[in-house]
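Let chain A serve as the given structure and place chain B on it in line with the hints.
So the sequences go chain by chain: A and B.
Counting along the first sequence from 1, when you hit position 174 you're at 174 in my numbering, and nothing is skipped either side.
Plus 1000 on top of the position in the second sequence (first one is 1) and you've got my numbering.
One or more hints might be untrue.
[What the hints assert, rightly or not] Here are the computed lysine to aspartate or glutamate pairs in the EDC-like style, where the Cα-Cα straight-line distance is at most 20 Å: (1) A/19 with B/1153; (2) A/266 with B/1261; (3) A/266 with B/1201; (4) A/266 with B/1237; (5) A/260 with B/1237; (6) A/260 with B/1261; (7) A/266 with B/1213; (8) A/260 with B/1179; (9) A/266 with B/1202; (10) A/283 with A/302; (11) A/260 with B/1213; (12) A/266 with B/1259; (13) B/1173 with B/1240; (14) A/260 with B/1259; (15) A/266 with B/1240; (16) A/266 with B/1198; (17) A/283 with A/305; (18) A/260 with B/1222.
[Stated by the list, open to error] Here are a few chain B residues that face chain A, going by a calculated C-beta distance under 7 Å: (19) 1153; (20) 1154; (21) 1157.
The set of hints was computed from the structure by calculation and includes no laboratory data.
Glycine included, each C-beta is placed from N, C-alpha and C at the ideal position.
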Amino acid sequence: MSGEPILEAEGLRTSFFVKRGSRKFELKAVDDVSFHLDRGEILGLVGETGCGKTTVGRSLVGLAKAKAGTVTYGGENILSVRQSRLRDIRLKIRMVFQDPYASLNPRRSIGDSIAEAGDIHNHFKDKADRAGQIARALENVGLDAAYADRFPHELSGGQRQRVGIARSILPEPDIIIADEPVSALDVSIQAQVLNLLMDLRKSMQLTILFISHDLSVVGQISDRIAVMYLGRIVELAEAGELFSSPAHPYTEALIAAIPKPDPSRKIHASLARGEPPSRLELKPGCTYADRCPIRQERCLTDAPDLKPSAGGKLVACHFA
Amino acid sequence: MVLRVNDLSVSIANSDPPLDIVKGVSLEIGEGEILGVVGESGCGKSMTSLAIMGLLPKPALAQRGGEILLEGKDVSDLPPYRRIEQDCGGISMIFQEPMTSLNPVMRVGEQIMEALRVHDAGSGRAPEARARELLDLVHIADAAHQLSAYPHELSGGMRQRIMIAIALACNPKVLIADEPTTALDVTVQAQILSLIRELCEELSMAVLFITHDLGVVAQLADRVVVMYAGQVAETADVDDLFARPAHPYTHGLFSCLPDPENRSGYLNPIPGQAPLITDIGDGCAFAPRCRFVTAECRSGLLPAADIAAGHLAMCHHPQGSTGPNGGSR
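The following block holds chain A by itself, in its conformation from the complex:
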């Protein structure tokens, strides 16, 4: 990879407020997250349910309102630009969502759905240009241009996700934020969509933030991987490095818990004890301490920062 950052997030914090009875709690979905995307790379963001990975993706483009931090893209801070400028930026940073059934309007033709963002931003010169760009986007994702006149119900799950991708690549973006793009798909179709994303990365010089709960999928497609746990990045490393020598105990547990298609490695109970604690009443100290097999006194009071460790990794653990 070129190593030239195209987007940098610094100290990102996003909270939601939840009412429980008469009390109001602050749910820190994203708690001081910093990372950057290099031009042309695929960065995997992996973590379990509720760890804040989706909120990170949404915060980057202002779909969730971050209360602190900066996201630098093209020399400006996305989080503080004017609404009109943000709209322009959103043509360059596009999202792909998980559920291709829910994210397409059932009453719009595929072509209209794909062109929607372009229509709103007066992106097309004329009708012929619009039709041409729709056709090109469809062909880029491996669908026939004739699909433009069809409707979502006529398509299979895999085809709908291709349409979702076509919609995001039409304005020729720099960055795609793909939030669980293959989770709703069967393995044989999942493999087709993963290959497509790798192809597009090459042919369109895309940078992709690939968000998923599935570490094996993330490992297959990503150059670097960031592991999140309860709102924080606990480890960030080059993909091969992460699998061969995980440094954070949570990463280790996550890798060990992937069911491997190999009957000689029988199931063993997880390295992580219990389950994640409630997000509403977080204790001080390391968020993983409750489940960690190597916990010490210090972990209960002192939250570790994400800092450089061996092999160019970033790890948030006192004992890495």
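Positioned in the frame of chain A, the structure of chain B alone reads:
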């Protein structure tokens, strides 16, 4: 064999000619054995399990043929509550999403005891003592406190443990688990899978484990049935299946699995997509996506190719030994 299913067919009610969602499925499970049924969405794996339990959605679907033998006795005509009962074998079932199976306004202890009372667990304090025993079995510590909790107060993994405890209330000989860990995070999934393995051995149950995840099957099952488009494509011992997958569909499934430990970039997907049931004609349902297809695949009956002892592939062109653990992929 505790459970034997012979030539089971499930079809859309009143369809003529019959539209089969499950077609000629046969399987068997012995005491203390886990049979994994694996396949993609819509392959009929869940409908097979619902048919065994007698829970097919009525009136849309009906069992059209075949036998479901519980210790030699056909239960096809019995209602579900009779299939649960001891005297006719005892089948129990757990589902994917524990939150939708539990009553949200009833304490979980009460829900476990409700199941116990149905099975006549005695009177007075006996059901509560038995409920505590069940919680022990599923490794829930602090039973007194947990019994008085409501489902929303428990985590996903805890809820699934409660569901398993309820399923065990009837001392089942057969436990059907339909994607029980799909809604859980991987670290919790590993805990629940090892619990199921442990219970299967400890209680000598026959477990029918339905999943879409080949990794889960590899780590948990003793034998595996691979389903495609409502039919059994291949059945084998788990080690044998992963060492020598013979059906081209099984092959295809293996080669499109991500393998982060030796990343090779691109995956080898299976071209096309699974057929609609209305489009499945004569011959092999996988033929339109198969690399090895020939004219004979497109019509007539499929042969059951004998690959090894207990290893069958429904295919004219079973493949040689190039599995994920048998050499090149």
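Status of the hints after comparison with the structure:
Under the criterion of a C-alpha separation no larger than 20 Å, the hint pairing residue 19 of chain A with residue 1153 of chain B is consistent with the structure, at around 16 Å. The hinted pair formed by residue 266 of chain A and residue 1261 of chain B meets the criterion: a straight-line CA distance of about 17 Å does not exceed 20 Å. About 14 Å separates the Cα atoms of residue 266 of chain A and residue 1201 of chain B, which keeps this hinted pair within 20 Å; it holds. Restraint check for residue 266 of chain A and residue 1237 of chain B: the C-alpha separation of about 14 Å stays at or below 20 Å, so the hint holds.
Distance check on the hinted pair: residue 260 of chain A and residue 1237 of chain B sit about 17 Å apart at the alpha-carbon level, within 20 Å; holds. For the proposed pair residue 260 of chain A and residue 1261 of chain B, the alpha carbon gap of about 10 Å is at most 20 Å, so the pair holds. For the hint linking residue 266 of chain A to residue 1213 of chain B, the alpha-carbon distance of about 15 Å falls within 20 Å, and the restraint holds. Taking the CA atoms of residue 260 of chain A and residue 1179 of chain B, the gap is about 17 Å. The hint holds against a cut of 20 Å.
The hinted pair formed by residue 266 of chain A and residue 1202 of chain B meets the criterion: a straight-line CA distance of about 17 Å does not exceed 20 Å. Our distance criterion of 20 Å between C-alpha atoms is met by residue 283 of chain A and residue 302 of chain A, whose separation comes to about 10 Å. The straight-line distance between the Cα atoms of residue 260 of chain A and residue 1213 of chain B is roughly 10 Å, inside the 20 Å bound, and the hint therefore holds. Between residue 266 of chain A and residue 1259 of chain B the alpha-carbon distance is near 17 Å, which keeps this suggested pair within the 20 Å criterion.
For a cut-off of 20 Å, the pair hint linking residue 1173 of chain B to residue 1240 of chain B is broken: about 26 Å separates their Cα positions. Taking the CA atoms of residue 260 of chain A and residue 1259 of chain B, the gap is near 9 Å; set against the 20 Å cutoff, the hint holds. At most 20 Å may separate the alpha-carbon atoms for a hinted pair to count; residue 266 of chain A and residue 1240 of chain B meet this at roughly 15 Å. Our distance criterion of 20 Å between C-alpha atoms is met by residue 266 of chain A and residue 1198 of chain B, whose separation comes to about 12 Å.
At most 20 Å may separate the alpha-carbon atoms for a hinted pair to count; residue 283 of chain A and residue 305 of chain A meet this at roughly 16 Å. Simply put, residue 260 of chain A and residue 1222 of chain B have alpha-carbon atoms about 15 Å apart, close enough for the 20 Å limit, and the pair holds. Annotation: residue 1153 of chain B was flagged as interfacial toward chain A, and the flag is violated, the nearest CB pair being 10 Å apart, outside 7 Å. Contact between residue 1154 of chain B and chain A, as hinted, is not supported at the beta carbon level, the nearest pair being about 10 Å apart and thus beyond 7 Å.
Given the 7 Å rule on beta carbons, the hint for residue 1157 of chain B holds: about 5 Å separates it from the nearest Cβ of chain A.
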